[in-house]
Amino acid sequence: MEPVFSDISQWKWPIVLSLAICAFAANSALSKRKLPLPPGPTGWPVVGNLFQIPQTSPWVVYKEWAKQYGGITYLNAMGQDIVVVNDLRTAVDLLEKRAINTSDRVGLPSLDILGLDWAFSLMPYGTEWRVRKRAFHYFFGRRQVSEHYPVIEQECLTYLRELAKTPEKLFKHSRLYFGSTLMRLSYGGNDPRYRQMLIEDGEEFVVRFSSTSVPGRLLVNTFPILRHVPEWLPGAGWKRYLKDGATINARLVPQPYYNAKTRLMDETDTDELPSLVKTLVEQLGSKTDPDYSERERIAMGVCAETYVAGVDTSFSTTGALFAALTRYPEVQARAQAEIDAVTGGNRLPVPDDMPHLPYIEAIVKETIRLFPSAPLGVPHATTADDDFNGYLIPKKTVILPNSWAMLRDPEMFEEPDEFRPERYLKDGKLDPSTADPSIIAFGFGRRVCPGRHFGSLVLKYTAASFLAVFNIQPMKDETGNEVPVTVEYTSDLIRFLKPFKCDIKPRSPKHASWLE
Numbered sequence: 001m002e003p004v005f006s007d008i009s010q011w012k013w014p015i016v017l018s019l020a021i022c023a024f025a026a027n028s029a030l031s032k033r034k035l036p037l038p039p040g041p042t043g044w045p046v047v048g049n050l051f052q053i054p055q056t057s058p059w060v061v062y063k064e065w066a067k068q069y070g071g072i073t074y075l076n077a078m079g080q081d082i083v084v085v086n087d088l089r090t091a092v093d094l095l096e097k098r099a100i101n102t103s104d105r106v107g108l109p110s111l112d113i114l115g116l117d118w119a120f121s122l123m124p125y126g127t128e129w130r131v132r133k134r135a136f137h138y139f140f141g142r143r144q145v146s147e148h149y150p151v152i153e154q155e156c157l158t159y160l161r162e163l164a165k166t167p168e169k170l171f172k173h174s175r176l177y178f179g180s181t182l183m184r185l186s187y188g189g190n191d192p193r194y195r196q197m198l199i200e201d202g203e204e205f206v207v208r209f210s211s212t213s214v215p216g217r218l219l220v221n222t223f224p225i226l227r228h229v230p231e232w233l234p235g236a237g238w239k240r241y242l243k244d245g246a247t248i249n250a251r252l253v254p255q256p257y258y259n260a261k262t263r264l265m266d267e268t269d270t271d272e273l274p275s276l277v278k279t280l281v282e283q284l285g286s287k288t289d290p291d292y293s294e295r296e297r298i299a300m301g302v303c304a305e306t307y308v309a310g311v312d313t314s315f316s317t318t319g320a321l322f323a324a325l326t327r328y329p330e331v332q333a334r335a336q337a338e339i340d341a342v343t344g345g346n347r348l349p350v351p352d353d354m355p356h357l358p359y360i361e362a363i364v365k366e367t368i369r370l371f372p373s374a375p376l377g378v379p380h381a382t383t384a385d386d387d388f389n390g391y392l393i394p395k396k397t398v399i400l401p402n403s404w405a406m407l408r409d410p411e412m413f414e415e416p417d418e419f420r421p422e423r424y425l426k427d428g429k430l431d432p433s434t435a436d437p438s439i440i441a442f443g444f445g446r447r448v449c450p451g452r453h454f455g456s457l458v459l460k461y462t463a464a465s466f467l468a469v470f471n472i473q474p475m476k477d478e479t480g481n482e483v484p485v486t487v488e489y490t491s492d493l494i495r496f497l498k499p500f501k502c503d504i505k506p507r508s509p510k511h512a513s514w515l516e
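Numbering-wise, my numbering puts 88 at position 88 of the sequence shown, and it's gapless, one number per residue.
In short, the hints are calculated from the structure, not lab data. Incorrect hints may have been included.
Heads up, simulated SDA-like pairs for lysine to any residue below, C-alpha to C-alpha not over 25 Å straight-line [stated by the list, open to error]:
hint: 1; residue 1: K476; residue 2: P358
hint: 2; residue 1: K278; residue 2: G141
hint: 3; residue 1: K429; residue 2: P351
hint: 4; residue 1: K169; residue 2: G141
hint: 5; residue 1: K67; residue 2: K501
hint: 6; residue 1: K287; residue 2: V331
hint: 7; residue 1: K67; residue 2: D93
hint: 8; residue 1: K429; residue 2: G445
hint: 9; residue 1: K501; residue 2: G141
hint: 10; residue 1: K243; residue 2: K67
hint: 11; residue 1: K67; residue 2: D417
hint: 12; residue 1: K396; residue 2: Y159
hint: 13; residue 1: K165; residue 2: K476
hint: 14; residue 1: K287; residue 2: P254
hint: 15; residue 1: K169; residue 2: T486
hint: 16; residue 1: K476; residue 2: K429
hint: 17; residue 1: K67; residue 2: K278
hint: 18; residue 1: K426; residue 2: R507
All of these numbers come straight from a predicted model, not from anything done at the bench.
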């Protein structure tokens, strides 16, 4: 495949120079405001901090800047105001207490080219977003999670069986597991081959979204006029990349919805378990209703987002979980002892066991803390100028909550770079006085992840089920020495752990027999 970003650099200086006058006007307007802007690195004339915005692990750089500038850092890229929030107190004050002004989203040309107008998590704050969020919450709210236990258990058992057959395909099986679970809950049905095709499309689409949405990575998001450049023009590989993503989007969103709707209308859906599409289609009303088309558009988008948004964050976190278990055998052994004490050592766990497995929950919390799947969250935006602690936060400012930095704050988490699940426990129980990383990792204010309760349950159940059956340890080289597990991530909006090799085996023949 043609490199997507390698040819972007040849565009930068000609574009910057051609648009300098506009940027200068924008920056001049800022200087006339009465309140000072938050502190931040000194930018260059005209372009501001455009070329100082890091493209590799920006959350690490922003954390370093926080040592100099404090909990809030200001950047400006060609007139676009950006604020990075590096500590929890500032995040709560800005994104929760002032949520009415900081709950908007950033409109990016790259998202328009991809065709992401259906994703409510990326929609502007307003009525359309609220309607879709309500539809999602109706099926995936805290009270509804238990209704999905049968699907979770069935898909997890299939996952464990596949791991027993081909453990070397851990990452492939993990993605298929989360994809199949969310596909069934979204669209019903139980056709593995059809789901496989959709899962592959979903994976490719999310990679294109995540890799192009990082602030400062694509010039078209700084200079929207570039969206009109022809795809054949040298340096326009980014546009072809996005257009290919739009092609995937064109089949990923409508096809599974209409297929599921047809099954429901023809009464050929043999999966009698609840599904989101079934719930929403039943509420569409009559086709003669003037709102029918809009309701269907909402249903189609919410179903697609359930799958597309949920798979990759869960997959990313689970990969990190396995890496941690491989590197910390004492954590693995303690977790297995807890599971055996609850199950009697003679069965697989069930979702109702989760409240009785505090150490498993602590492991998941620590994985979320140390290896967040979205280190900068999803950017917020302001809808009006705001006086924040004596600083001006201009209208339409992009706000980046640096979750990675907050989750490694030594004032909240002692020895923050260490994997220590026991930090959340006291006398064998979860310690409510300990900071909960979930309040950071799942987002802030009115934009908090609506699927967090479901996602947390699935992660805990997956960890418990896996450890009930398997041991996971480092591979050994030809001399019998363990090969250290190296944790390497991508630097995208949703970051993915690069696959690593490990040795997965059943704990005993008895444990393996539970999968028969």
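Outcome of the hint check:
{"no.": "1", "hint": "K476 - P358", "in the structure": "violated, 32 Å"}
{"no.": "2", "hint": "K278 - G141", "in the structure": "holds, 16 Å"}
{"no.": "3", "hint": "K429 - P351", "in the structure": "holds, 18 Å"}
{"no.": "4", "hint": "K169 - G141", "in the structure": "violated, 33 Å"}
{"no.": "5", "hint": "K67 - K501", "in the structure": "violated, 37 Å"}
{"no.": "6", "hint": "K287 - V331", "in the structure": "violated, 56 Å"}
{"no.": "7", "hint": "K67 - D93", "in the structure": "holds, 20 Å"}
{"no.": "8", "hint": "K429 - G445", "in the structure": "violated, 28 Å"}
{"no.": "9", "hint": "K501 - G141", "in the structure": "violated, 36 Å"}
{"no.": "10", "hint": "K243 - K67", "in the structure": "violated, 41 Å"}
{"no.": "11", "hint": "K67 - D417", "in the structure": "holds, 17 Å"}
{"no.": "12", "hint": "K396 - Y159", "in the structure": "violated, 44 Å"}
{"no.": "13", "hint": "K165 - K476", "in the structure": "holds, 20 Å"}
{"no.": "14", "hint": "K287 - P254", "in the structure": "holds, 18 Å"}
{"no.": "15", "hint": "K169 - T486", "in the structure": "holds, 17 Å"}
{"no.": "16", "hint": "K476 - K429", "in the structure": "violated, 36 Å"}
{"no.": "17", "hint": "K67 - K278", "in the structure": "violated, 51 Å"}
{"no.": "18", "hint": "K426 - R507", "in the structure": "violated, 29 Å"}
Violated hints, in rising order: 1, 4, 5, 6, 8, 9, 10, 12, 16, 17, 18; the structure is consistent with all others.
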